[in-house]
Amino acid sequence: MNMFTISGSPHVHGDENVKKIMYTVVYAMIPAMLVSVYFFGLDAIRVLLVSVLSCLFFEWAIQKYIIKGPLTINDGSAVVAGILLAFNIPANIPWWIIVIGALVTIGVAKMSFGGLGKNPFNPALVGRVFMLISFPVQMTSWPIPKPILEGGFITDAVTGPTALGLLKEGVGAGKTIDQIMSDPEMPAYIDRLTGNMTGSLGEMSAIALILGGIYMVWRKVINWQLPVSIILTVFVFAGIFHLIDPQHYIDPMFHLFTGGLMLGAIYMATDMVSSPMNMSGKVLYGVGIGLLTIIIRLWGAYPEGISFAILIMNAFVPLINNSFKPKRFGLLTKK
Amino acid sequence: MTFTMGGVHPEENKFSEHAAIVTLPLPKQAIIPLGQNLGAPPKPLVKKGDEVKTGQLIAKGEAFISANLHSPVAGKVARLDESVDSSGYRRMAIHIDVTGDEWDENIDTSPDVVREITLGKQEIIQRIKDCGIVGLGGATFPTHVKLMIPDGKKAEFLIINGVECEPYLTSDHRLMLEKGEEMLIGIKILMKALEVDTAIIGIENNKPDAIKHLNELCIRYQGIRVQPLKVKYPQGGEKQLIKATVNREVPSGKLPLEVGCVVSNVGTAFAVYEAVQKNKPLVERVVTVTGKSVRKPSNFLVRIGTPVAELIQAAEGLPENTGKVINGGPMMGKALTTIDVPVTKGSSGILVMNKEESNRQRQNPCVRCSKCTEVCPMGLEPYLLAKLAKLALYEKAEKEMVMDCIECGSCQFTCPSQLPLLDFLRLGKQRVGHLIRTRK
Chain A
1 MNMFTISGSP HVHGDENVKK IMYTVVYAMI PAMLVSVYFF GLDAIRVLLV SVLSCLFFEW
61 AIQKYIIKGP LTINDGSAVV AGILLAFNIP ANIPWWIIVI GALVTIGVAK MSFGGLGKNP
121 FNPALVGRVF MLISFPVQMT SWPIPKPILE GGFITDAVTG PTALGLLKEG VGAGKTIDQI
181 MSDPEMPAYI DRLTGNMTGS LGEMSAIALI LGGIYMVWRK VINWQLPVSI ILTVFVFAGI
241 FHLIDPQHYI DPMFHLFTGG LMLGAIYMAT DMVSSPMNMS GKVLYGVGIG LLTIIIRLWG
301 AYPEGISFAI LIMNAFVPLI NNSFKPKRFG LLTKK
Chain B
336 MTFTMGGVHP EENKFSEHAA IVTLPLPKQA IIPLGQNLGA PPKPLVKKGD EVKTGQLIAK
396 GEAFISANLH SPVAGKVARL DESVDSSGYR RMAIHIDVTG DEWDENIDTS PDVVREITLG
456 KQEIIQRIKD CGIVGLGGAT FPTHVKLMIP DGKKAEFLII NGVECEPYLT SDHRLMLEKG
516 EEMLIGIKIL MKALEVDTAI IGIENNKPDA IKHLNELCIR YQGIRVQPLK VKYPQGGEKQ
576 LIKATVNREV PSGKLPLEVG CVVSNVGTAF AVYEAVQKNK PLVERVVTVT GKSVRKPSNF
636 LVRIGTPVAE LIQAAEGLPE NTGKVINGGP MMGKALTTID VPVTKGSSGI LVMNKEESNR
696 QRQNPCVRCS KCTEVCPMGL EPYLLAKLAK LALYEKAEKE MVMDCIECGS CQFTCPSQLP
756 LLDFLRLGKQ RVGHLIRTRK
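Heads up: the sequence lines are chains A and B, in that order. Its first residue numbered 1, the first sequence is counted upward by one per residue in the working numbering. Its first residue numbered 336, the second sequence is counted upward by one per residue in the working numbering.
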């Protein structure tokens, strides 16, 4: 007698799985990784390797010895967290700080909530903010980029401020925007696009980040609406202030292509686990991130605000999910 | 044209789309479960030892929502008892030992096409009721009930479902190609009964031959037109089809008539033709037998009550590596416990799956990707509803509109974490349904 499998419908499955999604994100980050290697040489590879390997190690160790659950490092989520963490830190940071950051990323922000899918906050950002507060000096001394083609395989000891840092400092000292922009350390527009400026590993080149973002949208890993809502909000909000006082508030394009805005909008805010579930909620979340980013950049103590903005909005996600529902079929036509 | 909200694109795998319908020989014994229609099962009129003819009434539907049942074969009633049917439950069935195929003398069994519709509206509905016609798309709702429009309501459109959005299945496709003219007469009959002037046949673009064939025939049948539709599952869902063809949204919890529509399947239209023009009750239907390892994917015209095993035999046998046999398509069909169960009025296909396709893959935790919400054709949040059902928070699930779920399975099909979302949605629907009934 034949024994058949019995299960409820559907009996077929599409070819989506978590691993595939995670590796799509990894592939999407390859252009930005290449740019970082181009500008920071072996240092970029060192930071990436230490970060990814320590994230994998902590995930494995915690899963095996504390949670005592099945092996989960294969699902790719620790690799994604590791690369994102590396993208958020300067290239010349000591290796042991990266390891501590990875422990916070995986141990505190992810595994303590139950692992994949359970974390309310973006793990890499929690790690990054922890490092920024604990090691402010190392986290804010950015090496000057030295393209490989010009013979720079490792970064040297010369560090410099980021474009946003220069801006904050200048505005704080009472300079006008024209004065700030004439500073020789301030990167030109084309350098801001290609990434030839000081900054964390992954936030260098807006073009590389957007390229990866388009790939993720095409592979349906992220929705375009969320990053676009962040970017538009930043543009509009910063633009309003620029129009009011162009000598005190810089033009909005500057905000778009400096700091971690593209990285945050395309790769961090779109993290599936910690972002809202429904489209209207996603857009609201994006607008919130955009507003908070500009508020912190213009009036906060830190030159860059997108990490804090995303983490603050992460906290609102359960509320957003509760009040912003998808459009139900057959509810609009009700008389 | 297609519906706007959600939807997925499973592999079509329509292996049997070019296989012409073959009439299967009679079985040795026919097993006719009483509960073949949605609603109350009919009351049996025969007892052990009775001689019956093909097409003879053997069980009468007495409740408002019920349908008559006719003997699909000529023979002798062997027994009336409980036996496992395609639902997996033991249900009352009439077993008939087949002796031949002598039809009831009032039935026209000739192949001639009868084009002139002589019966009036009430007579049509009565004839459809007498002949035990139910919706052949799978829901098996008694057709005569659908045709009785309550006072104050008016049907504007008759929408004919030729979508066949389930992967693998081709029975409706073949029927449209081979019995197109009879089907159009059936549609005309339904239009007369409903007093509507417009009928729209919705067909997906993956059946260009059927669209072309029916378009040519429609020239001679005023008021009927073919609407080609962009391929997307679950377009054959009643509400989705109405949205796709006439762009109206059936309000939550209401019937299609609320927006002036009545939906019927192409197979039902053909059965209506046979009932009204030929006085032939519903004793046979077209069933697809298919699967990746099935040696000869086929479309069979079989008598109700024929064991599934005989259909698979006719498709050159059960493959060695069979892991699962499904009554229906891969998205909404039911897995069978045994292939000794009979074909019923609602069986549109038998899908044989290989061992390696039969088991679900390992589950991962929900990563909150919201793909289930994106593909839900009803705008629901399957991840949330599944969780609410799991936690037995049924009142909250009701507020989140779990009862609107059409069980199409798009969420589970898409879920990258392989979560059994629909299993929990069904549980939620069942419990919430119970909650609503006890409240009254």
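I should point out that these hints are in silico values taken from the structure, not numbers from a laboratory. Certain hints may be false.
Restricting the straight-line Cα-Cα distance to at most 16 Å, the calculated cross-link-like pairs of lysine to aspartate or glutamate (EDC-like) are [unchecked claim]: (1) B:Lys-613 <-> B:Asp-439; (2) A:Lys-327 <-> B:Glu-417; (3) B:Lys-547 <-> B:Glu-513; (4) B:Lys-363 <-> B:Asp-439; (5) A:Lys-325 <-> B:Asp-439; (6) A:Lys-327 <-> B:Asp-739; (7) B:Lys-388 <-> B:Asp-439; (8) A:Lys-325 <-> B:Glu-655; (9) B:Lys-378 <-> B:Glu-417; (10) A:Lys-325 <-> B:Glu-735; (11) A:Lys-327 <-> B:Glu-709.
Output of the computed footprint for chain A on chain B, the stretches with three or more beta carbons under 8 Å from beta carbons of chain A [stated by the list, open to error]: (12) 372-386; (13) 416-422; (14) 468-474; (15) 510-518; (16) 749-759.
Simulated coverage check for chain A against chain B, where a stretch passes if three residues somewhere in it have a Cβ under 8 Å from a Cβ of chain B [as the list claims (entries may be wrong)]: (17) 12-24; (18) 42-56.
For clarity, every value in this text was computed on a predicted model and none was experimentally measured. Every residue gets a Cβ at the ideal spot worked out from N, C-alpha and C, and that includes glycine.
Status of the hints after comparison with the structure:
1. B:Lys-613 <-> B:Asp-439: holds, 12 Å
2. A:Lys-327 <-> B:Glu-417: Violated: Lys-327 (chain A) and Glu-417 (chain B) sit about 46 Å apart, past 16 Å.
3. B:Lys-547 <-> B:Glu-513: Answer holds: Lys-547 (chain B) to Glu-513 (chain B) is near 13 Å, not above 16 Å.
4. B:Lys-363 <-> B:Asp-439: violated, 19 Å
5. A:Lys-325 <-> B:Asp-439: With a Cα-Cα distance of about 58 Å, the restraint between Lys-325 (chain A) and Asp-439 (chain B) is violated, given a limit of 16 Å.
6. A:Lys-327 <-> B:Asp-739: Satisfied, since the Cα-Cα distance of roughly 13 Å is no more than 16 Å.
7. B:Lys-388 <-> B:Asp-439: Holds - the C-alpha atoms of Asp-439 (chain B) and Lys-388 (chain B) are around 6 Å apart, at most 16 Å.
8. A:Lys-325 <-> B:Glu-655: violated, 48 Å
9. B:Lys-378 <-> B:Glu-417: With a Cα-Cα distance of about 14 Å, the restraint between Lys-378 (chain B) and Glu-417 (chain B) holds, given a limit of 16 Å.
10. A:Lys-325 <-> B:Glu-735: holds, 9 Å
11. A:Lys-327 <-> B:Glu-709: holds, 11 Å
12. 372-386: Since 0 is below three, the answer is violated.
13. 416-422: Violated: only 0 residues of the region 416-422 of chain B have a Cβ under 8 Å from chain A.
14. 468-474: violated (count 0)
15. 510-518: That given contact is violated, which follows from only 0 residues of the region 510-518 of chain B lying within Cβ reach (below 8 Å) of chain A.
16. 749-759: It holds: at least three residues are needed, and the region 749-759 of chain B offers 8 whose Cβ sits within less than 8 Å of chain A.
17. 12-24: With 8 residues close enough to chain B, the hint holds.
18. 42-56: violated (count 0)
Violation of the numbered hints given earlier is confined to hints 2, 4, 5, 8, 12, 13, 14, 15, 18; the remaining hints are satisfied by the structure.
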